[in-house]
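Novice: Sequence:
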Amino acid sequence: HFAHSVSYPKGITPIRNLKNYKGISQVTLTEKSKTSFSFEMKTDIFENFSSKRYVSIDNTFNFSIEDLIISNLVNHKDYETRFIIPADKKIIISDQYIDIIGKNVTLRLSFNLSAKSVSVEDIKISKVFNQLINAKALIFEFQRDSLNVKYDFVWLPH
Numbered sequence: 570h571f572a573h574s575v576s577y578p579k580g581i582t583p584i585r586n587l588k589n590y591k592g593i594s595q596v597t598l599t600e601k602s603k604t605s606f607s608f609e610m611k612t613d614i615f616e617n618f619s620s621k622r623y624v625s626i627d628n629t630f631n632f633s634i635e636d637l638i639i640s641n642l643v644n645h646k647d648y649e650t651r652f653i654i655p656a657d658k659k660i661i662i663s664d665q666y667i668d669i670i671g672k673n674v675t676l677r678l679s680f681n682l683s684a685k686s687v688s689v690e691d692i693k694i695s696k697v698f699n700q701l702i703n704a705k706a707l708i709f710e711f712q713r714d715s716l717n718v719k720y721d722f723v724w725l726p727h
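The working numbering puts the sequence shown at residues 570 to 727.
Since the hints were made in silico from the structure, they are not lab data.
Quick reminder that beta carbons are idealized off the backbone N, C-alpha and C, glycines included.
Each computed DSS-like pair below joins lysine-lysine, with the alpha-carbon atoms no more than 30 Å apart:
no., residue 1, residue 2
1, Lys-693, Lys-719
2, Lys-658, Lys-693
3, Lys-719, Lys-621
4, Lys-658, Lys-705
5, Lys-646, Lys-591
6, Lys-705, Lys-611
7, Lys-579, Lys-658
8, Lys-719, Lys-601
9, Lys-611, Lys-696
10, Lys-672, Lys-693
11, Lys-693, Lys-659
12, Lys-611, Lys-621
13, Lys-705, Lys-621
14, Lys-696, Lys-621
15, Lys-719, Lys-705
16, Lys-705, Lys-672
17, Lys-579, Lys-693
18, Lys-685, Lys-579
19, Lys-705, Lys-659
20, Lys-719, Lys-658
21, Lys-719, Lys-579
The following label-pair restraints were derived from C-beta to C-beta distances:
no., residue 1, residue 2, range
22, Asp-721, Asn-641, 28 to 34 Å
23, Asp-647, Gly-592, 20 to 26 Å
24, Glu-690, Glu-609, 27 to 33 Å
25, Asn-617, Ser-663, 31 to 37 Å
26, Val-689, Met-610, 20 to 26 Å
27, Lys-588, Asn-631, 37 to 43 Å
28, Asn-589, Asn-641, 16 to 22 Å
29, Phe-608, Ile-662, 24 to 30 Å
Starting from the given sequences, assemble the full structure and let the hints guide the process.
Specialist: Structure follows, in structure tokens:
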């Protein structure tokens with residue numbers, strides 16, 4: 570799961586063997602109009618955790634991602650969100666937002682929850698089988714009883 574743009578409970582390994590996975594994983598279109606569309610994804614691939622992601626995209630291609638993770642584990646309080654970014658992008662982290670700067674546009678990311686930390690890691694991910702490429706992981710760390718965070722993304726021309 571470290572090579573995907575996803576929120577997850579830190580320290581919990583996802584169920585990788587599909588024969589052992591008895592839970593849900595689904596994607597549902599929730600809205601479609603002339604100005605926007607949205608969809609919702611649900612999974613419980615992390616044992617004892619239920620995850621939901623709601624994605625909304627408008628006609629200017631600005632978008633938001635809302636992640637909700639709840640658990641019946643009383644003592645679990647560590648969550649992360651990772652966004653995988655191409656290696657050639659510059660990432661600037663400020664107090665109010667994060668800019669992901671490309672050649673022609675900047676993608677500005679803001680979020681509604683206080684993070685324990687926000688950092689960038691150089692990583693390698695699979696492009697195709699056994700072929701690794703360089704990338705960056707933008708990582709948000711949260712300490713809470715459950716995760717309920719909204720990320721807003723806005724395109725800014727240069």
